[in-house]
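Enquirer: From just these sequences and the hints, can you work out the full model?
Chains as they are written, first to last, in numbering that gives the first Met the number 0: chain A, 0 to 130; chain B, 0 to 330.
The set of hints was computed from the structure by calculation and includes no laboratory data.
If you're wondering where the values come from, they're calculated on a predicted model, not measured in any experiment.
Note that CB positions come from ideal geometry on N, CA and C, so glycine has one too.
A portion of the hints provided could be inaccurate.
To be verified - Stretch-level coverage of chain B by chain A, calculated; a stretch enters the list once three of its residues show a Cβ under 8 Å from a Cβ in chain A:
(1) 7-15
(2) 50-56
(3) 111-121
(4) 139-149
(5) 229-239
(6) 290-301
Unchecked claim - Derived lysine-lysine pairs resembling DSS-like cross-links, with alpha carbons at most 27 Å apart:
(7) Lys327(B) x Lys196(B)
(8) Lys171(B) x Lys77(A)
(9) Lys52(B) x Lys219(B)
(10) Lys74(B) x Lys196(B)
(11) Lys297(B) x Lys77(A)
(12) Lys70(B) x Lys192(B)
(13) Lys326(B) x Lys70(B)
(14) Lys103(B) x Lys74(B)
(15) Lys52(B) x Lys59(A)
(16) Lys77(A) x Lys165(B)
(17) Lys52(B) x Lys77(A)
(18) Lys165(B) x Lys59(A)
(19) Lys196(B) x Lys326(B)
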Amino acid sequence: MEVNEVPQEGNRTLGHHRKALYARDDSGRVIIVPSRGSEVDETVTLQAVERMHAFADDAKRRAYAGETSPLEYWMWAKRMDVALLSQVTGLWQWRIRRHFRPAIFSRLSPRLLARYAEALGMNIEALRRLP
Amino acid sequence: MNMLAEGFQHRHAAHCESGVAANMFTYYGTPISEAMAFGLSSALSFAYLPFVKITGFPLISYRMPPRFILKGLSKAFHSRIHFETFRDPQAGMQRLDQLLAQGKLVGLQTSVYWLPYFPEDMRFHFNAHNLLVFGKEGDDYLISDPVGEEPQRCAGADLQRARFAKGALAPKGLLYYPEQIRRSEISPHLVRKAIIKTTRIMLGPIPLIGVRGMRMLARKVASLKTDDDYSLNYVGHIVRMQEEIGTGGAGFRFLYGAFLQEASSLPGLSMLADYADRLMTIGDEWRAFALATARMVKGRDPMNPETLANQLRALADRETSFFRDLKKVVA
Numbered sequence: 000m001e002v003n004e005v006p007q008e009g010n011r012t013l014g015h016h017r018k019a020l021y022a023r024d025d026s027g028r029v030i031i032v033p034s035r036g037s038e039v040d041e042t043v044t045l046q047a048v049e050r051m052h053a054f055a056d057d058a059k060r061r062a063y064a065g066e067t068s069p070l071e072y073w074m075w076a077k078r079m080d081v082a083l084l085s086q087v088t089g090l091w092q093w094r095i096r097r098h099f100r101p102a103i104f105s106r107l108s109p110r111l112l113a114r115y116a117e118a119l120g121m122n123i124e125a126l127r128r129l130p
Numbered sequence: 000m001n002m003l004a005e006g007f008q009h010r011h012a013a014h015c016e017s018g019v020a021a022n023m024f025t026y027y028g029t030p031i032s033e034a035m036a037f038g039l040s041s042a043l044s045f046a047y048l049p050f051v052k053i054t055g056f057p058l059i060s061y062r063m064p065p066r067f068i069l070k071g072l073s074k075a076f077h078s079r080i081h082f083e084t085f086r087d088p089q090a091g092m093q094r095l096d097q098l099l100a101q102g103k104l105v106g107l108q109t110s111v112y113w114l115p116y117f118p119e120d121m122r123f124h125f126n127a128h129n130l131l132v133f134g135k136e137g138d139d140y141l142i143s144d145p146v147g148e149e150p151q152r153c154a155g156a157d158l159q160r161a162r163f164a165k166g167a168l169a170p171k172g173l174l175y176y177p178e179q180i181r182r183s184e185i186s187p188h189l190v191r192k193a194i195i196k197t198t199r200i201m202l203g204p205i206p207l208i209g210v211r212g213m214r215m216l217a218r219k220v221a222s223l224k225t226d227d228d229y230s231l232n233y234v235g236h237i238v239r240m241q242e243e244i245g246t247g248g249a250g251f252r253f254l255y256g257a258f259l260q261e262a263s264s265l266p267g268l269s270m271l272a273d274y275a276d277r278l279m280t281i282g283d284e285w286r287a288f289a290l291a292t293a294r295m296v297k298g299r300d301p302m303n304p305e306t307l308a309n310q311l312r313a314l315a316d317r318e319t320s321f322f323r324d325l326k327k328v329v330a
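Expert: Written out as structure tokens, the structure reads:
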């Protein structure tokens, strides 16, 4: 990559940040060039972000319909999946899935709720509600 | 309480661990560039680990696992890096304060998700990020995050969360600093040894690692369905691991190219300059692969797994001959 080929297309997922890339200058020396990012990076990052959003939206719709608990919505909203939430809370995956059932979620002990709230970085009150 | 590691200089880097390692060794009296830190620790690699899942997709890595660079450098310079983890988050924060009070520059492993200064869309649950803390002002820690252009600030509570995030590769509050660096000279012998190690990793016998890993991934890509949302997310994931997460595939090839070029100024190693150029070209081909994939993700080109698989195979061929030649020339 030459210095003038370093992408400066403005990847909006980078915010105001620029990332360092190595490229060759006119004399052939490899130097660090700050890059505003490329459309390629933006495409794949947004793809992942949107995938998470889609899961969260779907869970929200089902939660309002009484088919799942707010826990599932918040899990996706915090960019986690069941496997990760299981690692973070130390609970079995099947238990977490069970807690997606609204009737069971509404009867969860404060201790379990606190464990979820801690893992998701929010308070218990917020965890019980939907946005 | 204000504390500061006197005379510390933040430098922008392409990758977190090599950046942290370079800035840390430089601060403690062994001036070294990021590229040299990356090359000397033989950090370049390729690994395709289908049994490790990240949001449902396999782990694809273009460099060696976390802490490899720090450990490799510490070996190269006959030094000792002190690593410390904590069970109790508060104890971990106190220890950090204590070291800062001694004027030390301290390295940390953290999660990316809980660092507030990271751009929102980049905040995924990735636990093997590295940064340096060079001081504290009030409750704010002064942070040199090498992937940022400028130093950052982070409130104590946020930093604590980031250091004690759980899940895969949990940092457990890991902090580190060199206790002793006994050598500061970069010798041709050291460079040769490091390069040979990299060629061994890239050309090694394990089917998931090095060029064989690339071929394995190519087979997997070739088997994807064309009309499936999962396929598009899968190939997008490959590129995300390549371009976004800690510099990635093309970036690491450019970084290693920079290392080869820097090393070519050492006595008896001038032939490395040509190899630097060759690797830069290979890096460009990785970018072409990323571009082709992104076009499919965006729907500009029809999804064609076979095309992408062939590109990966071509890259594996290019890297095979590259590392074979490199091995011969330094041996």
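Enquirer: Are the hints correct? Go through all of them and say.
Expert: Okay, the hints, checked on the actual structure:
1. Only residues whose C-beta sits within less than 8 Å of a C-beta in chain A count toward coverage, and the stretch 7-15 of chain B has 3 of them, enough to reach three; the restraint holds.
2. Interface restraint, the stretch 50-56 of chain B with chain A: holds (3 residues with C-beta to C-beta distance below 8 Å; minimum three).
3. Counting residues of the stretch 111-121 of chain B whose beta carbon lies closer than 8 Å to any beta carbon of chain A gives 6, which meets the minimum of three for the stated coverage.
4. For the stretch 139-149 of chain B, the stated coverage by chain A holds: 3 residues have a C-beta nearer than 8 Å to a C-beta of that chain, and at least 3 were required.
5. Using a Cβ-Cβ cut-off of 8 Å, 6 residues of the stretch 229-239 of chain B lie near chain A, which meets the minimum of three, so the contact claim holds.
6. Under a criterion of three residues with beta carbons nearer than 8 Å to beta carbons of chain A, the stated coverage of the stretch 290-301 of chain B is upheld, 5 such residues being counted.
7. Restraint check: the Cα-Cα separation between Lys327(B) and Lys196(B) comes to about 13 Å, which is no more than 27 Å; the hinted pair holds.
8. Taking the CA atoms of Lys171(B) and Lys77(A), the gap is about 20 Å. The hint holds against a cut of 27 Å.
9. Only pairs whose Cα atoms come within 27 Å are accepted, and Lys52(B) paired with Lys219(B) is accepted, the gap being roughly 15 Å.
10. For the suggested pair Lys74(B) and Lys196(B), the alpha carbons sit about 13 Å apart, so the restraint of at most 27 Å is met.
11. Between Lys297(B) and Lys77(A) the alpha-carbon distance is near 25 Å, which keeps this suggested pair within the 27 Å criterion.
12. Restraint check: the Cα-Cα separation between Lys70(B) and Lys192(B) comes to about 15 Å, which is no more than 27 Å; the hinted pair holds.
13. The suggested pairing of Lys326(B) with Lys70(B) holds, with an alpha-carbon distance near 23 Å, which does not exceed 27 Å.
14. A C-alpha spacing of about 21 Å is found between Lys103(B) and Lys74(B), which places the hinted pair at or below 27 Å, so the restraint holds.
15. A distance of roughly 25 Å separates the Cα atoms of Lys52(B) and Lys59(A); the hinted pair therefore holds under the 27 Å criterion.
16. For the given pair, Lys77(A) sits about 14 Å from Lys165(B) by alpha-carbon distance, which is consistent with the 27 Å threshold.
17. With a C-alpha separation of about 18 Å, the suggested pairing of Lys52(B) with Lys77(A) holds against the 27 Å cut-off.
18. The straight-line distance between the Cα atoms of Lys165(B) and Lys59(A) is roughly 25 Å, inside the 27 Å bound, and the hint therefore holds.
19. A hinted pair counts as satisfied when its Cα atoms are at most 27 Å apart, and Lys196(B) with Lys326(B) qualifies at roughly 9 Å.
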